[in-house]
Amino acid sequence: MTNSKLVVPRRKFLTGAALGGSGLLLAGCDALTENAGFRSFLRSGEALNKGAQRLIMDRSALAPEFSAADISPIFKANGSVSGDTPAYNAHVANKFADWQLRIDGMVRNPLSLDLAQLMKMPSREQITRHDCVEGWSAIGKWRGTPLGMLLKQAGLSTKARYIVFHCADQWGPGVPYYESVDLIDAFHPQTILAWSMNDGVLPVRHGAPLRLRVERQLGYKQAKYVMRVEATDDLKKFYGGNGGYWEDAHDYDWYAGI
Amino acid sequence: MEQAELKPGDVIKRHRLSTRIWHWTNALTMLVMLMSGLMIFNAHSRLYWGDYGANDDKAWLVIDDAGDTGFIEIAGVRVQTTGVLGIWKDSEGEVKRRAFPYWITIPSGYDLQAARRWHFTFAWILAVALTLYMLRSVWNGHVIRDLHIRKWEWSPRHIWHDITQHARLRFPTGAAAKDYNILQKISYIGVIFILLPLIIFTGLTMSPAMNAAWPWLLDLFGGRQSARSLHFIAALGLVAFFFVHIMMVLLAGPINEVRSMITGKYTLPGKVEPDLEPELPKGEPA
Numbered sequence: 003m004t005n006s007k008l009v010v011p012r013r014k015f016l017t018g019a020a021l022g023g024s025g026l027l028l029a030g031c032d033a034l035t036e037n038a039g040f041r042s043f044l045r046s047g048e049a050l051n052k053g054a055q056r057l058i059m060d061r062s063a064l065a066p067e068f069s070a071a072d073i074s075p076i077f078k079a080n081g082s083v084s085g086d087t088p089a090y091n092a093h094v095a096n097k098f099a100d101w102q103l104r105i106d107g108m109v110r111n112p113l114s115l116d117l118a119q120l121m122k123m124p125s126r127e128q129i130t131r132h133d134c135v136e137g138w139s140a141i142g143k144w145r146g147t148p149l150g151m152l153l154k155q156a157g158l159s160t161k162a163r164y165i166v167f168h169c170a171d172q173w174g175p176g177v178p179y180y181e182s183v184d185l186i187d188a189f190h191p192q193t194i195l196a197w198s199m200n201d202g203v204l205p206v207r208h209g210a211p212l213r214l215r216v217e218r219q220l221g222y223k224q225a226k227y228v229m230r231v232e233a234t235d236d237l238k239k240f241y242g243g244n245g246g247y248w249e250d251a252h253d254y255d256w257y258a259g260i
Numbered sequence: 004m005e006q007a008e009l010k011p012g013d014v015i016k017r018h019r020l021s022t023r024i025w026h027w028t029n030a031l032t033m034l035v036m037l038m039s040g041l042m043i044f045n046a047h048s049r050l051y052w053g054d055y056g057a058n059d060d061k062a063w064l065v066i067d068d069a070g071d072t073g074f075i076e077i078a079g080v081r082v083q084t085t086g087v088l089g090i091w092k093d094s095e096g097e098v099k100r101r102a103f104p105y106w107i108t109i110p111s112g113y114d115l116q117a118a119r120r121w122h123f124t125f126a127w128i129l130a131v132a133l134t135l136y137m138l139r140s141v142w143n144g145h146v147i148r149d150l151h152i153r154k155w156e157w158s159p160r161h162i163w164h165d166i167t168q169h170a171r172l173r174f175p176t177g178a179a180a181k182d183y184n185i186l187q188k189i190s191y192i193g194v195i196f197i198l199l200p201l202i203i204f205t206g207l208t209m210s211p212a213m214n215a216a217w218p219w220l221l222d223l224f225g226g227r228q229s230a231r232s233l234h235f236i237a238a239l240g241l242v243a244f245f246f247v248h249i250m251m252v253l254l255a256g257p258i259n260e261v262r263s264m265i266t267g268k269y270t271l272p273g274k275v276e277p278d279l280e281p282e283l284p285k286g287e288p289a
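The listed protein sequences derive, respectively, from chains X and Z.
Numbering-wise (my numbering), the first sequence opens with residue 3 and increments by one.
Numbering-wise (my numbering), the second sequence opens with residue 4 and increments by one.
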């Protein structure tokens, strides 16, 4: 039989076909990624994931908490490592003595609280895992003021649906970092505005003076350098309209539970 | 049809419709999952054991670049991979310093968020299709009839015999090729009931919200970073299965095998005996 003669061209054909196929596949996938219709199909996964996770998860289900022995020796500082504006740097130089957190928007009585006032309020301490969207994790101990308590104190309007966090760090001229959560996460018992990390003052590289901890979501939701908390009924009113800096700039999922 | 009557050349019905639909759905889904998964890995190309792990922590696997060389380092042993892993040139000849090269990732250019969208949307197709196929296969008897490993098949002598036969590229023919052999059963059960569930559940374990909903996932896999490592290892296992699977299809007769997974009809392999009818004994009246 001439089987061996047949096999070689066939193998060459298969290799060629496989290479050509993978090239086509790659080009096809890249084209699909850019295609508006396909993008909205891919986006449907986000809604499905949020819906499914909210369905199986109790509203107040806690993120796992760890013991002091589990704390990462070095907690990676990622994203902005400083507010780095003249106003922010002045606050750092002044140890945030003149700094005040503003809580406003759709609230009955807007609040301005300095750091000492925040620290005197009832606080929560938690040792939790921080998961970056990139894949790494770090465990740290946080202490801070429960966000839900502050919102109640400010008299949150029944019309409010989201809480927006305005931050001091800039990602370009006039492009400040911001983030937002819905009321389920805002009133979650582990959602705090942390002013202490690993038993010390919250360091600048980790978001001094105040950093959001929303423990059931990824790292980019944990806004650093929080200056102002604003209650709103619509995220479209802010910047790019997608509820956060990374959501606007790089199309990240607003719901970052996965 | 009695099994004893089957001979090489006979066409039998091999794969049920559910098997054929799932096979091709899954093949496509797995390819998307693998390639988008490698892009997600590129965002942080280090693997750890335990709850936490970042750049300052000890990694058991690292793919990175040092100067002009790319490398993979596993348990401290470094192998140079310049051009393929860690540092490579993209389709425009531009040098990129990422773990996996453009020709194996979705999208081909670095884009973590797009890869996450592909991955988490196709994950639904993977999980739902697998669940439906599992239920269907239990219901229609596929599992108990075709995949169930009989007691006698577990004998080490039988398994060894099958391994040596495979190694010599001697595959069952005729009626013996009608049923899956022990190595096939082990691989198919391994993929459907072990590797795929493992990769789905380790994937879920990486989700911070899932950790709040189902904290037992973390206990099961030993922490989020362990789950990430196991997810990667399970993916490698599936890639290994894919290559052996394709090799076996090519060796066993690719046209017959692929056709059987499309139409369901399979020609029993082996030397076809000439039809005996014309050879009537001499001297007898025709």
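Keep in mind that the hints were calculated from the coordinates and are not lab data.
As the structure is a computational prediction, the values presented were derived from the model and not from experiment.
A virtual CB, placed ideally from N, CA and C, is assigned to each residue, including glycine.
Incorrect hints may have been included.
Some chain X residues well away from chain Z (every beta-carbon gap over 10 Å; in silico) [claimed, not checked]:
#, residue
1, LEU64
2, ARG104
3, GLY137
4, GLY150
5, LEU237
Computed list of lysine to aspartate or glutamate pairs in DMTMM-like fashion (alpha-carbon distance at most 20 Å, straight line) [stated by the list, open to error]:
#, chain 1, residue 1, chain 2, residue 2
6, X, LYS97, X, ASP116
7, X, LYS78, Z, ASP59
8, Z, LYS61, X, ASP72
Status of each hint after checking the structure:
With a cut of 10 Å on Cβ distances, LEU64(X) falls inside the contact zone with chain Z, its closest approach being about 6 Å. With a least CB separation of 28 Å from chain Z, ARG104(X) remains clear of the 10 Å interface cut-off, as annotated. With a minimum CB-CB distance of about 4 Å to chain Z, GLY137(X) fails to clear the 10 Å threshold, and the non-interface call is violated. No Cβ of chain Z comes within 10 Å of the Cβ of GLY150(X); the nearest lies about 16 Å off, and the non-interface call holds.
At roughly 18 Å from the closest C-beta of chain Z, the C-beta of LEU237(X) stays outside 10 Å, upholding its exclusion from the interface. At roughly 12 Å between alpha-carbon atoms, LYS97(X) and ASP116(X) fall within 20 Å of each other, so this suggested pair holds. For the given pair, LYS78(X) sits about 8 Å from ASP59(Z) by alpha-carbon distance, which is consistent with the 20 Å threshold. At most 20 Å may separate the alpha-carbon atoms for a hinted pair to count; LYS61(Z) and ASP72(X) meet this at roughly 15 Å.
Hint compliance for this structure: hints 1 and 3 are broken, all remaining hints hold.
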